[in-house]
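Once you have looked at the hints, place chain B on chain A.
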Amino acid sequence: MTIEEIKKKFKEDLEKVSDKKMLEDLRVRYLGRNGELNMILREIREMPEQERAQIGRYVNEFKNEINELIKTAEDRLVEAISNFSKEWLDVTAPGMSLPRGHLHPRTIVLHKVEEIFQSLGFSVIDSAELETDYYNFQALNYPKDHPARDMQDTFYVTDEFLMRSQTSPNQVRYMEKHNPPLRIIAPGKVYRRDASDATHESQFFQVEGLMVDKHISIGHFKAVITEFFKRLYSKEVKIRLRPSYFPFTEPSFEPDISCTFCDGQGCRICKNTGWLEMAGAGMVHPFVFKSAGYNAYEWQGFAFGFGLDRLVMMKYKINDIRLLNFGDLRFLKQF
Amino acid sequence: MKFSADWLNEYLKKPLKPEKMDELLTMHAFEVESIEKFGEDFVLDIKVLPNRAHDCMSHIGIAKELAAISSNTFVPSKISVNEDKDVKAKSLISVDVWAKDLCPRYSMRVVSNIKIGPSPKWMQERLQACGLRPISNIVDITNYVMLETGQPLHAFDVEKVGGRKIIVRRANEGEQITTLEGKSYKLSSQNLVIADEKVAIGIAGIKGGEGPEIDEKTKIVAVESANFEPTNIRRTSKAFNLRTDASIRFENGLDPELTSKALLRAALLMVEFADGRVASGLIDVYPNKVKPRKIFADVEWIQGLLGLSVKPQEMMNILKRLYISAKTIKKGKKIFIEAVPPTSRLDLQAQEDLAEEIVRVLGYDKIPVTVPSGILISAVKEDSLIYEDKIKDILAGAGWSEAQNYSFISDADIKAFEINNQVEIKNPFSQDQKYLRPTLIVNLLKNVKENLKYFNSVRLFEIGRSFAMVKEEPMELHNKIAAVISNKDIKKPAEGLFELKGLIHILLEKLGINDVWFDDELSVDSTTMPLWLRFTHPVGRAQIKSGQDQIGWIGEIKPKILSTMEIKEKVSVFELDFPEVSRIASEERAYQPPSRYQAMTRDLAVIVGEMTKIEEVLNIIEAAGGPLLQDTDIFDIYEGLTDGKKSLAFRLTYQSDEKNLTDEEVNKIQEKIIIALEEKGWEVRK
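Taken in sequence, the protein lines are chains A and B. Counting from 1 along the first sequence, just add 32 to a position and that's the residue number in this note's numbering. Counting from 1 along the second sequence, just add 129 to a position and that's the residue number in this note's numbering.
In isolation and in its complexed conformation, chain A is listed as follows:
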């Protein structure tokens, strides 16, 4: 066959190709090792040099042309297979509904709180909810029948056992087992014998903090608590301390932060004061060091406790604390 004949034949064969396999066969038949073109190239070895070069060039051009044609045919085949015009997909249809799980908002906020305090060197400790009168009150300088106990109406289980009304028992419990210097936070559930309404609950979360070392001052407390709130709200906050009273701290004070809703301008949430009450705090009372078996005046420290639920409610604008003590999916699925 002459090259011209081969060319003509190839084009005829290409017309008949209807799938990828036929196309591949065609390619092998013409361009393969024993294909038509190689047969010709084998033949021209016998020819004179000048003619050989000319035919060789011609065959190579033809080879390229075949390659082109095959490529074009291939594209045409792929398109034919996917058949775009007939198929239609509504990508805007909703995705498959897979079960979704949600963490409780308290868990989410507590993670953040723990992360900040850990970065400030505070360890996070676990603790029990059923406490003794001793650790919840007596070791913290609340004698039996002391009026300060009225600040926290408590659920009793026996004369000795109670549902802890604060996370503060952890101060003495932890110090009994560990030597200073120490920095801890102890988050957990606490219980108060109190009527439930939108802002009060018989059960809520507190975070206790304690830092003890040779020389700890109110100035250090200011630094730690300011840094905490600054990081929690990701903005500058001002802090002020008001005098207060807790039997287990002396001096005692309550840190307020500049209202995060109005930046201290005064709004409904801060009752136009520009300040939000956040916690109870103070310098660890020497009585508490004594309870823990420390030398009372050898160490100094600050302690604080704040309500986690209030932070959660403020962060997510939740208007009823009772929502936090149930498993309502209409509520949970928003977090």
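Any given hint could turn out to be false.
[Claimed, not checked] Derived EDC-like pairs (lysine to aspartate or glutamate); straight-line CA-CA distance at most 16 angstroms:
#: 1; chain 1: B; residue 1: Lys555; chain 2: A; residue 2: Asp185
#: 2; chain 1: B; residue 1: Lys510; chain 2: A; residue 2: Glu147
#: 3; chain 1: A; residue 1: Lys176; chain 2: B; residue 2: Glu358
#: 4; chain 1: A; residue 1: Lys365; chain 2: B; residue 2: Asp522
#: 5; chain 1: A; residue 1: Lys246; chain 2: B; residue 2: Glu429
#: 6; chain 1: B; residue 1: Lys519; chain 2: A; residue 2: Glu146
#: 7; chain 1: A; residue 1: Lys176; chain 2: A; residue 2: Glu192
#: 8; chain 1: A; residue 1: Lys209; chain 2: B; residue 2: Glu511
#: 9; chain 1: B; residue 1: Lys621; chain 2: B; residue 2: Glu698
#: 10; chain 1: B; residue 1: Lys348; chain 2: B; residue 2: Asp286
#: 11; chain 1: B; residue 1: Lys367; chain 2: A; residue 2: Asp182
#: 12; chain 1: B; residue 1: Lys367; chain 2: A; residue 2: Asp360
#: 13; chain 1: A; residue 1: Lys303; chain 2: B; residue 2: Glu162
#: 14; chain 1: B; residue 1: Lys630; chain 2: B; residue 2: Glu605
#: 15; chain 1: B; residue 1: Lys555; chain 2: A; residue 2: Glu192
#: 16; chain 1: A; residue 1: Lys365; chain 2: B; residue 2: Glu579
#: 17; chain 1: B; residue 1: Lys555; chain 2: A; residue 2: Asp165
#: 18; chain 1: B; residue 1: Lys575; chain 2: A; residue 2: Glu147
#: 19; chain 1: B; residue 1: Lys617; chain 2: B; residue 2: Glu579
#: 20; chain 1: A; residue 1: Lys303; chain 2: B; residue 2: Glu160
#: 21; chain 1: B; residue 1: Lys555; chain 2: A; residue 2: Asp191
#: 22; chain 1: B; residue 1: Lys367; chain 2: A; residue 2: Asp185
#: 23; chain 1: A; residue 1: Lys144; chain 2: B; residue 2: Asp518
#: 24; chain 1: B; residue 1: Lys578; chain 2: A; residue 2: Asp360
#: 25; chain 1: A; residue 1: Lys40; chain 2: A; residue 2: Glu83
#: 26; chain 1: B; residue 1: Lys582; chain 2: A; residue 2: Asp360
[What the hints assert, rightly or not] Where chain B lies over chain A, by a calculated footprint (3+ residues, C-beta under 8 angstroms):
#: 27; region: 99 to 110
#: 28; region: 140 to 149
#: 29; region: 159 to 170
#: 30; region: 250 to 256
#: 31; region: 277 to 288
#: 32; region: 307 to 320
[As the list claims (entries may be wrong)] Here are the in silico distance ranges between beta carbons for each label pair:
#: 33; chain 1: A; residue 1: Asp51; chain 2: B; residue 2: Lys582; range: 55 to 63 angstroms
#: 34; chain 1: B; residue 1: Phe764; chain 2: A; residue 2: Lys52; range: 30 to 38 angstroms
#: 35; chain 1: B; residue 1: Arg725; chain 2: A; residue 2: Pro126; range: 37 to 45 angstroms
#: 36; chain 1: B; residue 1: Ser223; chain 2: A; residue 2: Thr305; range: 53 to 61 angstroms
#: 37; chain 1: A; residue 1: Lys365; chain 2: B; residue 2: Asp374; range: 30 to 38 angstroms
#: 38; chain 1: B; residue 1: Arg780; chain 2: A; residue 2: Lys53; range: 27 to 35 angstroms
#: 39; chain 1: A; residue 1: Ala125; chain 2: B; residue 2: Gln727; range: 34 to 42 angstroms
#: 40; chain 1: A; residue 1: His210; chain 2: B; residue 2: Ile208; range: 51 to 59 angstroms
Hints listed in this document are in silico derivations from the structure and should not be mistaken for laboratory results. Even glycine gets a Cβ: it sits at the ideal position worked out from N, Cα and C.
Using the frame of chain A, we list chain B on its own:
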């Protein structure tokens, strides 16, 4: 407590506006909860802190605070009185204190020639501003002096006191008293009473009794001004649920020195506003006069605690403004302050108390922010809390949402769940919160019920504490991990139960626990029956085990409980023991490279009896299959066969880590499996 701004200003050289009082008190002493206009006056509601109730539940106390913190001058009220030399108090009435331990001081003054009538208008207005109802000049004066000085007073009509004798004693067992309101109380020797020769005429420090009360005919008045032991007053007041203006003050403790001062003030007002004549002499039973105490304070220690270098002189100036006398003492290089607080400051006991006085008068805003230095302590989170976080993340990731429920349950719950080891709250506040939960399931089921109103499927979990009586002692049980599922659109029976089994596998595998299995061989002994067996369906339940240790249980809730709770769907639950799970959880694992050689599969169907457990069939296949049987998958269960049979279809995967297996090798193992199955009497279809 409510305070009149006008009244407070009476004791201040430079009067203060109510708003200024608010600002000063809030930042230096007590929170002011509200300021309200009352006629021309303003009423401040001041939250006096418990440690200052003994001296600041009085206008004089608050005025002294205001004077100290605003560099103002406190102006005391007039308390000099002209006694009637002809009449001796002791000749009109006598006092005997039997219970000296409960009554450190008992003082009395007698005023004769009394004309009962209304008190002056200004006094009535001040009482009303403070929330008290005017009654008569004598009663109003006793109340007025209490609000002024903090010392509760009580007035008796001397002529009605039996034997004209006052006895302070413990009540007799079963002794009765009727108070001025006409309420009767049965007393015991725990209670202190004021009595005449025959009967109790008052519950000491709490409430006056019927008998010698003031009436329009009263001519001679004896005014009681006493100091009672605070704990006893508090116990009696709590026991009788009787809280009065007097009992609140007594239970916080009072300065014994105050009794005589308050009496002088009351006598003066009775002269002025009831035409009285003050009998000469103070009746005073005061065996142990209180002595002022000295406090030594280390100046450097206080400076360090405050984080503020206040000079000793400045400290002393502040203390003096609070009527605390102070001087400095040098010992070597150290400077101490020797301070003597007035007897009225019961709260000042040690140097830390002085530190607080100094810093609050100065203002906490004076303290600079100081970043703590010191050695680096590595902050760690307790392992249990790390696992708790991890478990929550796994369960939420698998599609379960986190509930956090009350730790309390009710009588109805106890009954429905047949609970018998509950811990009871001694002083519950409501019926819903009478007991502590012994399992998380009870309240999770309440969640399911509510959620089914709005959702077709409910998947919830909770991690939390539960409580139980163990050997008659209340105990906090270990943390539990509980999950529930309820689904309205189930395609197969017990689908929820198996979904939960799937969840357990996800959870435990991710925690590195691989040997979990479900043991349904339960011994149901009604005496020692664990709680969960009481509320789960006898057919659909099992213990969850890892090796030989039980780590939890799984089951469907009994239909009876569901109907009691009005839940229409099936509910499946599990509860895992948190410490067990975290104990065997392991972070360690070694990577197994996938085999480079070809895997071969063979299918196999086994016909077994309906009641044959799949686990049993699987165990036989796996034992016979040996190490080259890499995976056994059940892909079909057909239960519709005749003769009570079902067909189980398995896909077996064979693979070696060393070479490509040949057909012959695989067939040989497959044959071995078939023989093993047939030996059990099961028919195998290849």
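request  = Give me the numbers of the hints this structure contradicts, sorted from smallest to largest.
outcome  = Numbers 12, 14, 18, 25, 27, 37 - these are the hints that the structure violates, sorted from lowest upward.
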